[in-house]
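Just so you know, the sequences run in chain order A and B. UniProt numbering numbers the first residue of the first sequence as 1 and each following residue consecutively. UniProt numbering numbers the first residue of the second sequence as 1 and each following residue consecutively.
Heads up, a few of these hints could be off.
If you want the footprint, here are the derived chain B segments under chain A, 3+ residues with CB under 8 angstroms [said to hold, decoys possible]:
{"id": "1", "stretch": "50 to 63"}
{"id": "2", "stretch": "80 to 94"}
Covered stretches of chain A (in silico footprint by chain B; criterion: 3 or more residues with CB under 8 angstroms from a CB of chain B, positions within the stretch not fixed) [as the list claims (entries may be wrong)]:
{"id": "3", "stretch": "120 to 127"}
{"id": "4", "stretch": "247 to 261"}
{"id": "5", "stretch": "274 to 283"}
It is worth saying that the hints were derived from the structure and are not from the lab. All of these numbers come straight from a predicted model, not from anything done at the bench. Every residue, glycine too, gets a C-beta built ideally from N, C-alpha and C.
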Amino acid sequence: MTSVRRWAGVWRGGVYLLVSLLSGIVTVLALPVLCVPRLARPWADRHRDRAGRLLGLPTASRSAPRAAHRLAGAGPSTGRDLLWLPVHAVIGVAIGLPALLCVGNVVTGVVVTTLWWAFAPEDRPRPFVDVPVTGWATALTLGPLQILLLLALAYVCFPPMARAHARICLAVLSRSTAEQLADRVAVLTRTRADVLDAHGAELRRIERDLHDGTQARLVAIAMRLAVARQALSDDPRDERFLEELLRDAHEGTEEAMTELRGVISTVYPPILADRGLAGALTAVTARCGVPTRLSIGDIDRVPAAVEAVVYFAVAEALTNVVKHSRATTAAVRVSRTAGRLSVVVTDDGTGGADDRRGTGLAGIRGRVLALDGLVDIDSPAGGPTTITMELPCGS
Amino acid sequence: MRVVIAEDNVLLSTGLELLLHRAGFEIAAIAGDAAAFLTAVRDHRPDVTIVDVRLPPSFRDEGIRAALQARRESPGLPVLVLSQYVEQQYAAELLSTAVGGVGYLLKDRVSRVDEFIDALRRVAGGGTAMDPEVIAQLVQRVGDPIAALTPREREVLALMAQGHDNDTIAGRLVITDNAVHKHIGNIFAKLGLAVSDSGHRRVLAVLTYLSAVG
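Next up, chain A with everything else stripped away, as it sits in the complex (with noise of 0.2 angstroms):
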């Protein structure tokens, strides 16, 4: 079994090499050209997929910090892509080529151990570098023994050959850790202000709602009453008068109070400080018109901000299940690993949601983004629809 791995890891590490060594070729026939930094990028980026892959590393840690990257824009990582150009030119014919070296002559081996007779005398291949072939006994023999000998060779070269040159590439490409940090306080400025910017956002729509509708409310009911306690002194009474009065106060402070209801379960759910996260979304999926499974781990204490967003996306994502999808099943899963909340909404419906098209989706997205998480929308035409939030929410 391990031996049929490593044969793997061979087999692996010499189709790497040999591509490292055209790509070798390629970059510096194609020097000029890929010295413009918007190629030399996907070009680099490409080989430190490579790279990473053959080194097993987990497609996030490959592809976040370029996440982060992009975000911070064009940075010192343009420069380590123009450098690598030349180190992988150099490191990948330089190693590259004893791979092919060893591979042609497995095949010249071959050739020997089974063709060597149809070739002219003094044509014929030589293994060996320079050893005749002078019949059958020598062909088999020496065929066999260097076909044998290369493959002893590539057994034990090929793969630290290939990740050798793999280490290479992400030394030169990975970015230092200062670098790493800048990013990272680049990207966290930006999230920073847009979380002042949503929450700047949210205080002037509460001051609105409350300003416009509340506060106005309770001005016109006040008036109303203090029309009516003039009238109540007026002699005589105009009681048809006074009922009026008091009617259109009376249903003027039940109008504010389903305002202000309102306005209170759009800044923070009343459920959620009553039952927190959990119980909260309990009610939200039982609460759902398509059945919903809800699985929650053990999450213990998640800050209010968080909590909020991932009740209002869930409650938002189950709006667009029951609204648009056809589904007839759908699940929650939250669950929590380190300092991070991973939510994930999915159903069985016909996908192809989309969050250019309509609000709830964009919403979900702005939400998360400004507490500085992801959101990733799957939803194939045909379905089913995934989506996957995670948030940060302290340690």
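Given the coordinates of chain A, work out where chain B should sit on it, guided by the hints.
Showing chain B alone in chain A's frame:
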């Protein structure tokens, strides 16, 4: 009729006291938290209780839990829960303790004094008083089967689920008792429910249906 109130907000408890007193109720005790409420229920054996969902110390759902606890200690104790917002989940929990009157209303409803007093009496008499918003949440969730009902049948269903009897439904919708009876028969047939007698059991059947289907 003797009432025990669990309400920590003095503005609201004095308002309730005023309103209930005028309607002829006797206020046996006003408790400021869950523990005091449970003690008051044990001491005074009230005919009906009014409980705010949020009570000290944490102002979360102590009221619901206190109501459920009180009903465990005194089976059949009528409880009317008041809240600034309604959550179908809480209604389901209250209804799960099947014996005795249960009410769950928005605080807003108190200002419609006659309706509020009517609801309180219904609960005291072992009936049900569910806020229209709870019913709206439940109905919205059920979807398809409800769509098969006519608009009039939906109105009847909502009033029935709130806990009203046939007379009240007839009065509210300005139709005859006979018409109400026919509508109810149709509703039960369309929803596939066994026709039960009027009153609490009927409400429970409808509410159970609304919270179970989905």
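Cross-check of the supplied hints:
1. 50 to 63: Since 5 is at least three, the answer is holds.
2. 80 to 94: That given contact holds, which follows from 6 residues of the stretch 80 to 94 of chain B lying within Cβ reach (below 8 angstroms) of chain A.
3. 120 to 127: Since three or more residues must qualify, the claim that chain B covers the stretch 120 to 127 of chain A is violated, with 0 doing so at under 8 angstroms.
4. 247 to 261: holds (count 6)
5. 274 to 283: Per the Cβ count (5), the hint holds.
Consistency with the previously given hints fails for number 3 only.
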